[in-house]
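There are 2 protein chains.
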Amino acid sequence: MNRFRVIYTHKDSACRLGKLQTARGSIDTPCFMPVGTQGSVKTLSPRELEESGAGVILSNAYHLLLRPGIEVIKKAGGLHNFMSWHRPILTDSGGYQIFSLALLRKISDEGVVFQSHIDGLRHFLTPESVIQIQDDLGSDIIMPLDECVHYPCGKDYAEVAMRRTIDWARRSKAAVSRNQQLLFGIVQGATYEDLRKECAQALVEMDFDGFAVGGISVGEPENLRYNMLHFTVGYLPQDKPRYLMGVGLPEDIIEAVECGIDMFDCVVPTRYGRNGTAFTSIGKLTVRNSPYIEDFRPLDERCGCYTCKNFSRAYLRHLFNASEILGLRLVSWHNVYFFLDLMRKVREAIKQDKFPEFKKEFLAAYNNSL
Amino acid sequence: MNRFRVIYTHKDSACRLGKLQTARGSIDTPCFMPVGTQGSVKTLSPRELEESGAGVILSNAYHLLLRPGIEVIKKAGGLHNFMSWHRPILTDSGGYQIFSLALLRKISDEGVVFQSHIDGLRHFLTPESVIQIQDDLGSDIIMPLDECVHYPCGKDYAEVAMRRTIDWARRSKAAVSRNQQLLFGIVQGATYEDLRKECAQALVEMDFDGFAVGGISVGEPENLRYNMLHFTVGYLPQDKPRYLMGVGLPEDIIEAVECGIDMFDCVVPTRYGRNGTAFTSIGKLTVRNSPYIEDFRPLDERCGCYTCKNFSRAYLRHLFNASEILGLRLVSWHNVYFFLDLMRKVREAIKQDKFPEFKKEFLAAYNNSL
Numbered sequence: 024m025n026r027f028r029v030i031y032t033h034k035d036s037a038c039r040l041g042k043l044q045t046a047r048g049s050i051d052t053p054c055f056m057p058v059g060t061q062g063s064v065k066t067l068s069p070r071e072l073e074e075s076g077a078g079v080i081l082s083n084a085y086h087l088l089l090r091p092g093i094e095v096i097k098k099a100g101g102l103h104n105f106m107s108w109h110r111p112i113l114t115d116s117g118g119y120q121i122f123s124l125a126l127l128r129k130i131s132d133e134g135v136v137f138q139s140h141i142d143g144l145r146h147f148l149t150p151e152s153v154i155q156i157q158d159d160l161g162s163d164i165i166m167p168l169d170e171c172v173h174y175p176c177g178k179d180y181a182e183v184a185m186r187r188t189i190d191w192a193r194r195s196k197a198a199v200s201r202n203q204q205l206l207f208g209i210v211q212g213a214t215y216e217d218l219r220k221e222c223a224q225a226l227v228e229m230d231f232d233g234f235a236v237g238g239i240s241v242g243e244p245e246n247l248r249y250n251m252l253h254f255t256v257g258y259l260p261q262d263k264p265r266y267l268m269g270v271g272l273p274e275d276i277i278e279a280v281e282c283g284i285d286m287f288d289c290v291v292p293t294r295y296g297r298n299g300t301a302f303t304s305i306g307k308l309t310v311r312n313s314p315y316i317e318d319f320r321p322l323d324e325r326c327g328c329y330t331c332k333n334f335s336r337a338y339l340r341h342l343f344n345a346s347e348i349l350g351l352r353l354v355s356w357h358n359v360y361f362f363l364d365l366m367r368k369v370r371e372a373i374k375q376d377k378f379p380e381f382k383k384e385f386l387a388a389y390n391n392s393l
Numbered sequence: 024m025n026r027f028r029v030i031y032t033h034k035d036s037a038c039r040l041g042k043l044q045t046a047r048g049s050i051d052t053p054c055f056m057p058v059g060t061q062g063s064v065k066t067l068s069p070r071e072l073e074e075s076g077a078g079v080i081l082s083n084a085y086h087l088l089l090r091p092g093i094e095v096i097k098k099a100g101g102l103h104n105f106m107s108w109h110r111p112i113l114t115d116s117g118g119y120q121i122f123s124l125a126l127l128r129k130i131s132d133e134g135v136v137f138q139s140h141i142d143g144l145r146h147f148l149t150p151e152s153v154i155q156i157q158d159d160l161g162s163d164i165i166m167p168l169d170e171c172v173h174y175p176c177g178k179d180y181a182e183v184a185m186r187r188t189i190d191w192a193r194r195s196k197a198a199v200s201r202n203q204q205l206l207f208g209i210v211q212g213a214t215y216e217d218l219r220k221e222c223a224q225a226l227v228e229m230d231f232d233g234f235a236v237g238g239i240s241v242g243e244p245e246n247l248r249y250n251m252l253h254f255t256v257g258y259l260p261q262d263k264p265r266y267l268m269g270v271g272l273p274e275d276i277i278e279a280v281e282c283g284i285d286m287f288d289c290v291v292p293t294r295y296g297r298n299g300t301a302f303t304s305i306g307k308l309t310v311r312n313s314p315y316i317e318d319f320r321p322l323d324e325r326c327g328c329y330t331c332k333n334f335s336r337a338y339l340r341h342l343f344n345a346s347e348i349l350g351l352r353l354v355s356w357h358n359v360y361f362f363l364d365l366m367r368k369v370r371e372a373i374k375q376d377k378f379p380e381f382k383k384e385f386l387a388a389y390n391n392s393l
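Line order of the protein sequences matches chains E and L. Going letter by letter, the first sequence gives residues 24 to 393 in my numbering. Going letter by letter, the second sequence gives residues 24 to 393 in my numbering.
In case anyone wonders, no lab produced these hints; they're calculated from the structure. Any given hint might turn out to be false.
Treat identical chains as interchangeable: a pair holds within one or across any two.
Said to hold, decoys possible - Within a straight-line C-alpha distance of at most 30 Å, the following computed DSSO-like cross-link-like pairs (lysine-lysine) qualify:
1. Lys97 - Lys332
2. Lys307 - Lys97
3. Lys98 - Lys332
4. Lys307 - Lys98
5. Lys332 - Lys382
6. Lys382 - Lys98
7. Lys42 - Lys196
8. Lys220 - Lys129
9. Lys307 - Lys368
10. Lys382 - Lys34
11. Lys307 - Lys196
12. Lys34 - Lys97
Please construct the entire structure, taking both the sequences and the accompanying hints into account.
Okay, structure coming up:
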């Protein structure tokens, strides 16, 4: 059963509006998923996320496995209950984290042995156990274990990792027991079009609920990134959601929507927020800097978030300068709102067949950095 | 004009209900003022404070003078606008901070020279300049510069400091220009009843809008503290509000309400909250501790705050364990709610002439620590 419906496809463009049905309600696409790696979207409460219009958030099986442990969350009645977030959750398998964070990992066709980056304890994960973990978490959209390589990667190893990713995807699909969880396939293949094609076609044949493009934003040059994305999307079916993992900045999201991507996640809104950098309609603004000492305007004069309706740049600068936690909160909240609002505008522009005009106007204002 | 009205005095007891009228609305007493030293009640938003029922908050002229500077706040239209808090604010003069935080202070009858504890810059404050600062801040209740001594303090010096405090109170009163700001007098005199009496009588004669008991909780033993409080309150008029500065824990507040104190402030709800210790109806609970790993109850089963309605001890413990800022927020918020709720219960008990019963029941449950 296909839980995704394309509502509207833009005239003369690949971008489209969709609805993805999950056990906890439907998600309007294109969408952005704020990242709650450890079961908390950093600094924000679930209420603030709801008020900002987040329709789905992302969490991470690898991090939750290490801390607090899956057993705790299972006993809490699942991740939604544990963190008090009652809209859809997508959990990443943690494949990417095993390859970027874990110590002393050893990979085989069977699975992967690694040491926790927190306490050095040894763990063994297989495609099947990763599905079981996400079953215990009770997330709405789940991801299979995959092998993500970094840039640059020789073709021989990229091919090994890609074939292993296909094999693990097949085992993951066979391991899914809950009918109401959506399982996506992840396309790997590094920067090689023939490998990407082979991977995409094999996954499409297995018929997943959606398809993710993995291995993007792993250190490759920008032009290569867009090429990889374009040719990968070309091998994905029209009638399934497409998720570009870990991307990205507003300009990256807009570019990818134009390729026909439906789903995004990225840590930048909260990471930049904690550093005092705000995303605004006229570019990024580092509010801790001294030019804002007596600047009583909101972060973004066009923004309707709680931060912009109530606080000035001068106050936010003071909070950062005085190490007040409220500063981290308010800029993170604004940034998450900014990304979610960007997606609302993207959807509206697609609906009106005006995405190219929207893109042009948005980027013209946004690139005129303060 | 007296802006305070005693609404009801408890049968056979000194505790009473009151209403204190300020330019930004009236305050029900006995009340607790959450502390926003640097223009932010640590980790909390103004909206969360309002929802918790905070009727008035405290901020600090000394801290705001050093950071961000009074000029910035004046240009923002005052402290209320700057921090987006539109209910009453009481500002402390910073006398206490000059004597506890500042470097190389030198006090004379004229005023006090000190170096900022942040950047070492030299400042000179007089009673008049401290009133001017609070006029610029636009706070609703303001405090004069005083000299607060620590325990133990020889009687000779305690007398010098007390007389200076009286002299500075007189100069402060003469310096007040805004009629809508309420100025309180601060009773000093260390642990000496005759000095406390002399100070109280001199201040009462000058006729302030309210009277604060200063120099309490400065290192003295507990039994001495209650004695000092009792005999000081004995020299204060019935028809003016009485404010016990910097106090305290729930048990201290209850004791002081019984002496006839109307106003309190203390950093403990947010300071303990940031350390993961919650105040609950059955005592303090350090949620970061391991017994709570799989404890899915709220912090306090009798509490109606956002934290208790949505999150378990297990989740809060996880947040602290994983260094997630949401943990600090949620426990701080709960604690502030707990203190404000305690005051609501105190007022209700006074209204019903049942304060002794309330005190007994509250302390019986509270002291049965988890």
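Hints versus structure:
1. Within a single copy, Lys97 and Lys332 get their C-alpha atoms only as close as 39 Å, which misses the 30 Å cut-off; across copies the closest is 20 Å, which meets it.
2. In this assembly of identical chains, the alpha carbons of Lys307 and Lys97 lie at most 30 Å apart only when taken from different copies (28 Å versus 40 Å within one copy).
3. Taking the closest pair of Cα atoms, Lys98 and Lys332 come within 30 Å of each other only across two copies (18 Å); inside a single copy the shortest separation is 40 Å, beyond that limit.
4. In this assembly of identical chains, the alpha carbons of Lys307 and Lys98 lie at most 30 Å apart only when taken from different copies (25 Å versus 42 Å within one copy).
5. For the homomeric pair Lys332 and Lys382, the shortest alpha-carbon distance inside one copy (26 Å) is at most 30 Å, but the shortest distance between copies (42 Å) is not.
6. Taking the closest pair of Cα atoms, Lys382 and Lys98 never come within 30 Å of each other, the shortest separation being 46 Å inside a single copy and 38 Å across copies.
7. For a Cα distance limit of 30 Å, the shortest separation of Lys42 from Lys196 inside one copy, 23 Å, qualifies, whereas the shortest one across copies, 67 Å, does not.
8. For the homomeric pair Lys220 and Lys129, the shortest alpha-carbon distance inside one copy (27 Å) is at most 30 Å, but the shortest distance between copies (77 Å) is not.
9. In the homo-oligomer, the alpha carbons of Lys307 and Lys368 lie at most 30 Å apart inside one protomer (18 Å), although the nearest pairing across protomers, at 48 Å, exceeds that limit.
10. When the C-alpha separation of Lys382 and Lys34 is checked against a cutoff of 30 Å, the pair qualifies only within one copy, where the shortest distance is 15 Å, while the shortest distance between copies is 72 Å.
11. For a Cα distance limit of 30 Å, the shortest separation of Lys307 from Lys196 qualifies neither inside one copy, at 42 Å, nor across copies, at 48 Å.
12. Taking the shortest alpha-carbon separations for Lys34 and Lys97, neither the intra-copy value of 46 Å nor the inter-copy value of 54 Å comes in at or below 30 Å.
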